[in-house]
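A.B. asks: All chains should be built: construct the whole structure from the sequences, respecting the hints.
Protein chains: 2
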Amino acid sequence: SRQSPPAEKSFANRGMTLEEDINESNDYYIARDIGIIHKKPTPVQIVDVHYPKRSAARITEAYFKQASTTDYNGVFAGRYIDFEAKETRNKTAFPLQNFHDHQAEHMHKVQKQDGIAFVLLRFTVHGETYLYDASRFLHWYYGQSKRKSIPYKELQEHGHPIPLGLHPRLDYLKTVKDVYFH
Amino acid sequence: SRQSPPAEKSFANRGMTLEEDINESNDYYIARDIGIIHKKPTPVQIVDVHYPKRSAARITEAYFKQASTTDYNGVFAGRYIDFEAKETRNKTAFPLQNFHDHQAEHMHKVQKQDGIAFVLLRFTVHGETYLYDASRFLHWYYGQSKRKSIPYKELQEHGHPIPLGLHPRLDYLKTVKDVYFH
Ligand SMILES: [Mg+2]
Ligand SMILES: [Mg+2]
Chain A
1 SRQSPPAEKS
11 FANRGMTLEE
21 DINESNDYYI
31 ARDIGIIHKK
41 PTPVQIVDVH
51 YPKRSAARIT
61 EAYFKQASTT
71 DYNGVFAGRY
81 IDFEAKETRN
91 KTAFPLQNFH
101 DHQAEHMHKV
111 QKQDGIAFVL
121 LRFTVHGETY
131 LYDASRFLHW
141 YYGQSKRKSI
151 PYKELQEHGH
161 PIPLGLHPRL
171 DYLKTVKDVY
181 FH
Chain B
1 SRQSPPAEKS
11 FANRGMTLEE
21 DINESNDYYI
31 ARDIGIIHKK
41 PTPVQIVDVH
51 YPKRSAARIT
61 EAYFKQASTT
71 DYNGVFAGRY
81 IDFEAKETRN
91 KTAFPLQNFH
101 DHQAEHMHKV
111 QKQDGIAFVL
121 LRFTVHGETY
131 LYDASRFLHW
141 YYGQSKRKSI
151 PYKELQEHGH
161 PIPLGLHPRL
171 DYLKTVKDVY
181 FH
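Those protein sequences? They're chains A and B, same order as listed. Residue 72 in the numbering used here is what sits at position 72 of the first sequence, and the numbering runs on without skipping anything. Residue 142 in the numbering used here is what sits at position 142 of the second sequence, and the numbering runs on without skipping anything.
Hints listed in this document are in silico derivations from the structure and should not be mistaken for laboratory results. Bear in mind that the values here come from a model prediction, so they are computed numbers and not experimental data. Heads up, some of the hints might be wrong.
Chain copies aren't distinguished; within one or between two, either way the pair holds.
As the list claims (entries may be wrong) - The list that follows gives simulated cross-link-like pairs (lysine-lysine, DSSO-like), each with its CA atoms no further than 27 Å apart:
#, residue 1, residue 2
1, 153, 177
2, 65, 53
3, 86, 39
C.D. replies: Take a look at the structure:
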């Protein structure tokens, strides 16, 4: 089905900080063979393509599609890693309306295959980013029928805060190691 | 960098058989929680988007980008799975010109993280599809400077043939299990 463009695009002037932090950290991890995590390309439904002579094919009509999975996946120390990342300007709860059923179902299926699934949630006003395991996330996602959200207090209690650094900017694989590797 | 469209697109009338077989098999695996493998979206560089009132955002200028990873990845029984799939009409060797350095490097990095990396290679004329481990693939890929290809005989000897079935059409995860899980 045709979708609104990803939120990141329509708020480009806001800074895209969490995604930038993750991408920079992923580059850092890949360059050092710490972990191989990539953001998946934005899914696009291509309707029309022009093939001019002597130059690159040009897509002239296409639409944003809803993603059927989360945005990020890869491998870290033999384990499959899968996550979605979002920011909010809300102070008291993390709204879930930008998560989709397909993504929730995908995370659940990943866990059944013994993969590691979580969300990275940033409260921009508090300046805090949490790793929050998919099991707890799915509890909130499926437990509410509308105006879904996760209380800030719940994330403070059961999320794992990821400190901001210089390089990598968001060392979330260190948090993954602390939480999932014993 | 701007790229030619993926080979699948420009030869759409040829049938896209291997990709279709894999996608159908992935749907089968996902529906039964056998494994969670997805094809990544085609990477597209979006240059211009129109936002008409009361209808979906329309991408009016975009270009195909070279993929920085392989096309398929996911998780199977706790292991990270990563592969690229290609077909050839050649009978005596599998040409490698449609593989890119980024993909080769990516497979090597996946192996260093203890992920499972391979290619699925189909000889359409012979009607044969092989799972071929990334280590051997990379040997051929990096061992030749031009007109790179893998001899058919090498694939017969060291590839793992995947029989075609009805449902799933290409049970490559069974082959993965035989080859990588002991
Ligand atoms: Mg997303
Ligand atoms: Mg490809």
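A.B. asks: Take the hints in turn and mark each one as holding or not.
C.D. replies: Evaluated hints:
| no. | hint | verdict |
| --- | --- | --- |
| 1 | 153 to 177 | within (24 Å within a copy, 44 Å between copies) |
| 2 | 65 to 53 | between (29 Å within a copy, 18 Å between copies) |
| 3 | 86 to 39 | both (13 Å within a copy, 23 Å between copies) |
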